[in-house]
Amino acid sequence: MPHIDIELERLKTKLLEMWDLVEYQLQSGREAMLKADVELAKQIIKRDRKVNQFDVKIDRMCENFFALFTPVAVDLRLVLAVLKINTNLERIGDTAEGIARFVKKLEAPVEPQLLEMTKVLPMYEEALAMLDDCRLAFKNNDPVMAKALIKRDKVLNKIYRKSDAVATKYMAQHPERISEALAILSIIKKLERVGDQVTNIAEEIIFYREAKVVKHRGDKKKKKSSGKNGNNNNNNNEG
Amino acid sequence: MSKRIKLEAKDLNGYYGDFHALKNINIAMEEKAVTAFIGPSGCGKSTFLRTFNRMNDYIEGFRAEGEILIDGKDIYRKDVRVDELRKEVGMVFQKPNPFPKSIYENVVYGLKIQGIKKKSVLEEAAETSLRRAALWEEVKDKLHKSALALSGGQQQRLCIARALAISPSILLMDEPASALDPISTAKVEELIYELKNDYTIVIVTHNMQQAGRVSDYTAFFYMGELVEFNKTKTMFTSPKDERTQNYITGRFG
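In order, the protein sequence lines correspond to chains U and B. End of the first sequence sits at 239 in this note's numbering; the numbers just go up one at a time, nothing left out. End of the second sequence sits at 492 in this note's numbering; the numbers just go up one at a time, nothing left out.
Treat the hints with caution; some may be incorrect.
Cross-link-like lysine-lysine pairs, in silico, DSSO-like; alpha carbons within 30 Å at most [said to hold, decoys possible]:
no., chain 1, residue 1, chain 2, residue 2
1, U, Lys212, B, Lys470
2, B, Lys472, B, Lys435
3, B, Lys249, B, Lys479
4, U, Lys84, U, Lys139
5, U, Lys147, B, Lys470
6, U, Lys151, U, Lys139
7, U, Lys139, B, Lys479
8, B, Lys242, U, Lys212
9, U, Lys12, B, Lys479
These aren't lab readings, by the way, just hints derived from the structure by calculation.
When you get a sec, could you build the whole thing from the sequences and use the hints?
See the structure below:
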């Protein structure tokens with residue numbers, strides 16, 4: 001294998017290791033939330049340092065690669081993509097840590113009705129599945145899978161959009177559980193961000209494989225359709 | 240605004256005896272832009288470069304079919320005078336090749352051959368050319384010293400000054416910096432960047448980064464074929480042909 005390919009393989013392997021850790025952090029966050037496991041939450045918070053170390057290491061590896069190999073074309077796009085995926089993974093790591101911080105405040109496992117009404121669990125499952133599939137798309141250089149992920153983000157957005165009203169209703173019915181409901185609401189908001197970050201990563205995979213910039217395409221469509229509809233301010237498109 | 244086409248090849252085929260060195264090449268190069276020719280050794284890029292000033296005429300057994308156009312005129316027509324053509328097309332080679340004469344004599348050599356004798360005209364041309372080649376400050380006090388006493392990088396800029404003295408509109412450069420150290424290379428590259436305001440430049444280079452730094456357009460040649468020709472930015476970020484990608488990323492063969 002040419003030297004340049006060995007170095008690129010090392011870079012990809014390091015990113016996949018980070019990916020595993022971030023997935024593990026997010027999964028642990030789910031466990032901790034369900035069981036109100038403060039000990040597990042503390043471990044997650046502590047382990048975020050490792051995610052940060054990966055972030056710094058991968059940035060440095062990319063910098064060295066640019067300096068030593070002056071990559072072009074597909075190699076250049078790969079390293080640019082790795083840099084951005086790294087940033088997004090680090091943020092998902094922060095999200096897991098943030099969820100753990102909310103869990104630390106829980107006094108007892110979350111009330112089943114609250115879980116049911118807000119759909120936080122299916123949302124959590126989907127966010128985890130998206131992160132895992134995105135890892136596969138990157139590992140297998142699969143832009144088709146990456147494109148499918150961008151569409152899946154809509155499911156998360158839908159749950160998020162309804163969560164305010166659902167939580168308000170729940171809080172009105174259970175005023176003694178307001179802080180718990182607020183914690184779940186915050187977790188839902190964080191999961192919605194995970195969906196956006198997975199979307200960002202999927203866009204980088206498409207850029208790397210196909211040399212196409214697909215980010216902000218949704219915004220363009222929005223502008224076009226609102227322009228065409230003139231006075232139609234009611235915009236139902238997903239962001 | 241699309242720029243004017245300065246150099247063009249139409250269905251160009253070139254042969255060294257039986258060997259088919261250039262295969263049906265079609266290309267149109269913009270005026271006052273830098274076009275880089277890249278490709279592995281033996282791909283035909285230097286042969287192609289030399290068709291633009293008919294340097295291949297000297298090579299026994301070489302023949303060209305098709306058209307080479309400068310400003311829309313075919314330079315292989317019978318009534319074209321090669322000496323007139325070369326006033327229009329300057330050339331710089333891989334190794335600096337100053338004449339064993341003074342710096343001044345080197346620069347004004349072409350003008351003297353054209354019959355210009357007036358000292359003031361020659362002196363002015365020498366200064367202008369040396370300034371354009373970014374060499375004036377370094378040599379203005381030793382114009383009558385031997386050109387061979389200059390460093391390699393200075394000698395190459397002297398050769399560029401010599402090429403510019405005859406006021407061409409086109410400059411052909413065949414690996415002009417491959418025998419130079421990084422500082423001299425940087426000076427020559429800087430010079431190319433300056434000169435493109437006034438000249439149409441075609442440069443053959445084996446240095447990918449150099450092609451990226453100095454050229455507006457890049458043409459990739461492989462086994463006598465023009466594989467891909469596009470804006471340099473596009474060639475080095477998202478080339479269309481897999482052969483181009485393999486070559487520029489260093490994965491060829």
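Structure-based check of each hint:
1. With a C-alpha separation of about 17 Å, the suggested pair Lys212 of chain U and Lys470 of chain B falls inside the 30 Å cut-off, and the hint holds.
2. At roughly 17 Å between alpha-carbon atoms, Lys472 of chain B and Lys435 of chain B fall within 30 Å of each other, so this suggested pair holds.
3. Between Lys249 of chain B and Lys479 of chain B the alpha-carbon distance is near 22 Å, which keeps this suggested pair within the 30 Å criterion.
4. About 16 Å separates the Cα atoms of Lys84 of chain U and Lys139 of chain U, which keeps this hinted pair within 30 Å; it holds.
5. A distance of roughly 29 Å separates the Cα atoms of Lys147 of chain U and Lys470 of chain B; the hinted pair therefore holds under the 30 Å criterion.
6. For the given pair, Lys151 of chain U sits about 20 Å from Lys139 of chain U by alpha-carbon distance, which is consistent with the 30 Å threshold.
7. Only pairs whose Cα atoms come within 30 Å are accepted, and Lys139 of chain U paired with Lys479 of chain B is accepted, the gap being roughly 24 Å.
8. Note on Lys242 of chain B and Lys212 of chain U: the hinted pairing holds, with a Cα-Cα distance of about 28 Å set against a maximum of 30 Å.
9. Between Lys12 of chain U and Lys479 of chain B the CA atoms are separated by roughly 24 Å; this keeps the pair inside 30 Å, and the hint holds.
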